[in-house]
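Undergrad: Count the sequence shown with the numbering used here and you get residues 834 to 941, in order.
The set of hints was computed from the structure by calculation and includes no laboratory data. Quick caveat: nothing in here was measured; it's all calculated off a predicted structure. Just to be clear, a hint being listed does not mean it is correct.
Stated by the list, open to error - Below, computed lysine-lysine pairings styled on DSS-like, alpha-carbon distance capped at 27 Å:
1. Lys-849 x Lys-877
2. Lys-843 x Lys-895
3. Lys-887 x Lys-902
4. Lys-882 x Lys-895
5. Lys-884 x Lys-843
6. Lys-849 x Lys-882
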Amino acid sequence: MLVYDITNEKSFDNIKNWIRNIEEHASSDVERMILGNKCDMNEKRQVSKEKGEKLAIDYGIKFLETSAKSSINFVFLQVNFMLKTLSYHESVLLCQRGRGRILTPLKA
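With the hints as extra help, turn the sequences into a complete structure.
TA: Structure follows, in C-alpha coordinates:
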(Lines of atoms letter the chains of each structure in order from A and count residues from 1; the text may use other names and numbers.)
(Lines give C-alpha, C1' and ligand atoms only; values in the text may rest on other atoms or scores of the structure.)
Protein backbone atom coordinates (compact mmCIF):
# COMPACT_ATOMS: atom_id res chain seq x y z
CA MET A 1 0.00 0.00 0.00
CA LEU A 2 1.29 3.37 -1.03
CA VAL A 3 -0.12 5.97 1.35
CA TYR A 4 0.00 9.73 1.00
CA ASP A 5 -1.50 12.52 3.08
CA ILE A 6 -4.11 14.48 1.09
CA THR A 7 -3.10 17.58 3.08
CA ASN A 8 0.54 17.29 2.00
CA GLU A 9 1.44 17.62 -1.70
CA LYS A 10 5.02 16.44 -1.10
CA SER A 11 3.82 13.12 0.29
CA PHE A 12 1.79 12.62 -2.90
CA ASP A 13 4.81 13.45 -5.08
CA ASN A 14 6.77 10.68 -3.33
CA ILE A 15 4.32 8.03 -4.55
CA LYS A 16 5.96 7.91 -8.00
CA ASN A 17 9.35 7.20 -6.39
CA TRP A 18 7.86 4.41 -4.28
CA ILE A 19 6.19 2.88 -7.34
CA ARG A 20 9.52 2.97 -9.18
CA ASN A 21 11.21 1.23 -6.22
CA ILE A 22 8.53 -1.46 -6.19
CA GLU A 23 8.90 -2.01 -9.94
CA GLU A 24 12.69 -2.30 -9.60
CA HIS A 25 12.92 -4.43 -6.46
CA ALA A 26 9.67 -6.36 -5.89
CA SER A 27 8.22 -9.33 -7.69
CA SER A 28 5.83 -8.54 -10.52
CA ASP A 29 2.83 -10.06 -8.72
CA VAL A 30 3.05 -7.78 -5.69
CA GLU A 31 -0.30 -6.14 -4.86
CA ARG A 32 -0.26 -2.35 -5.13
CA MET A 33 -2.83 0.20 -4.05
CA ILE A 34 -2.63 3.97 -3.66
CA LEU A 35 -4.32 5.37 -0.56
CA GLY A 36 -5.06 9.03 0.00
CA ASN A 37 -5.27 9.31 3.79
CA LYS A 38 -6.89 12.01 5.97
CA CYS A 39 -9.89 12.48 3.68
CA ASP A 40 -11.73 13.74 6.75
CA MET A 41 -9.63 16.93 6.50
CA ASN A 42 -11.09 18.22 3.25
CA GLU A 43 -10.69 21.86 4.30
CA LYS A 44 -6.88 21.37 4.35
CA ARG A 45 -6.76 19.28 1.16
CA GLN A 46 -3.78 19.92 -1.15
CA VAL A 47 -4.21 16.87 -3.40
CA SER A 48 -7.53 16.44 -5.20
CA LYS A 49 -9.21 13.06 -5.32
CA GLU A 50 -9.12 13.28 -9.12
CA LYS A 51 -5.32 13.70 -9.04
CA GLY A 52 -4.97 10.56 -6.92
CA GLU A 53 -7.33 8.63 -9.18
CA LYS A 54 -5.44 9.73 -12.29
CA LEU A 55 -2.11 8.59 -10.87
CA ALA A 56 -3.61 5.21 -10.01
CA ILE A 57 -5.06 4.86 -13.51
CA ASP A 58 -1.72 5.84 -15.08
CA TYR A 59 -0.01 2.99 -13.21
CA GLY A 60 -2.89 0.51 -13.39
CA ILE A 61 -3.24 0.47 -9.61
CA LYS A 62 -6.33 0.55 -7.39
CA PHE A 63 -7.11 3.80 -5.55
CA LEU A 64 -9.00 4.63 -2.39
CA GLU A 65 -9.28 7.63 -0.09
CA THR A 66 -9.38 6.81 3.60
CA SER A 67 -9.39 8.30 7.05
CA ALA A 68 -8.00 6.26 9.90
CA LYS A 69 -9.27 8.89 12.34
CA SER A 70 -12.86 8.91 11.06
CA SER A 71 -12.82 5.27 9.89
CA ILE A 72 -13.80 6.30 6.34
CA ASN A 73 -13.14 3.24 4.13
CA PHE A 74 -10.86 1.95 6.88
CA VAL A 75 -12.83 -1.18 7.76
CA PHE A 76 -13.21 -1.94 4.04
CA LEU A 77 -9.46 -1.56 3.63
CA GLN A 78 -8.64 -3.80 6.60
CA VAL A 79 -11.03 -6.55 5.53
CA ASN A 80 -9.90 -6.42 1.90
CA PHE A 81 -6.24 -6.54 2.94
CA MET A 82 -6.91 -9.47 5.26
CA LEU A 83 -8.78 -11.38 2.56
CA LYS A 84 -6.10 -10.69 -0.05
CA THR A 85 -3.51 -12.01 2.41
CA LEU A 86 -5.57 -15.13 3.07
CA SER A 87 -6.14 -15.62 -0.65
CA TYR A 88 -2.45 -15.22 -1.37
CA HIS A 89 -1.56 -17.89 1.17
CA GLU A 90 -3.12 -20.78 -0.73
CA SER A 91 -6.76 -19.59 -0.79
CA VAL A 92 -7.47 -20.39 2.84
CA LEU A 93 -10.82 -22.14 3.30
CA LEU A 94 -12.53 -21.51 6.62
CA CYS A 95 -14.69 -24.56 7.41
CA GLN A 96 -16.05 -26.33 10.40
CA ARG A 97 -17.47 -29.84 10.03
CA GLY A 98 -17.97 -29.46 6.32
CA ARG A 99 -19.91 -26.23 6.68
CA GLY A 100 -18.21 -22.98 5.81
CA ARG A 101 -17.65 -20.33 3.23
CA ILE A 102 -14.78 -19.37 0.99
CA LEU A 103 -13.67 -15.82 1.71
CA THR A 104 -12.58 -13.83 -1.31
CA PRO A 105 -11.25 -10.26 -1.60
CA LEU A 106 -13.67 -7.43 -2.23
CA LYS A 107 -13.32 -5.58 -5.50
CA ALA A 108 -12.52 -1.90 -5.04
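Undergrad: Decide, hint by hint, whether the structure agrees.
TA: We went through each hint and held it up to the structure:
Taking the CA atoms of Lys-849 and Lys-877, the gap is about 22 Å. The hint holds against a cut of 27 Å. In summary, the hint linking Lys-843 to Lys-895 is supported, as the alpha carbons are separated by about 21 Å, within the 27 Å threshold. Straight-line distance between C-alpha atoms of Lys-887 and Lys-902 comes to about 25 Å, which keeps the hinted pair within the 27 Å bound. Our distance criterion of 27 Å between C-alpha atoms is met by Lys-882 and Lys-895, whose separation comes to about 13 Å.
With a CA separation close to 13 Å, the supplied pair Lys-884 and Lys-843 stays within the 27 Å bound. The straight-line distance between the Cα atoms of Lys-849 and Lys-882 is roughly 16 Å, inside the 27 Å bound, and the hint therefore holds.
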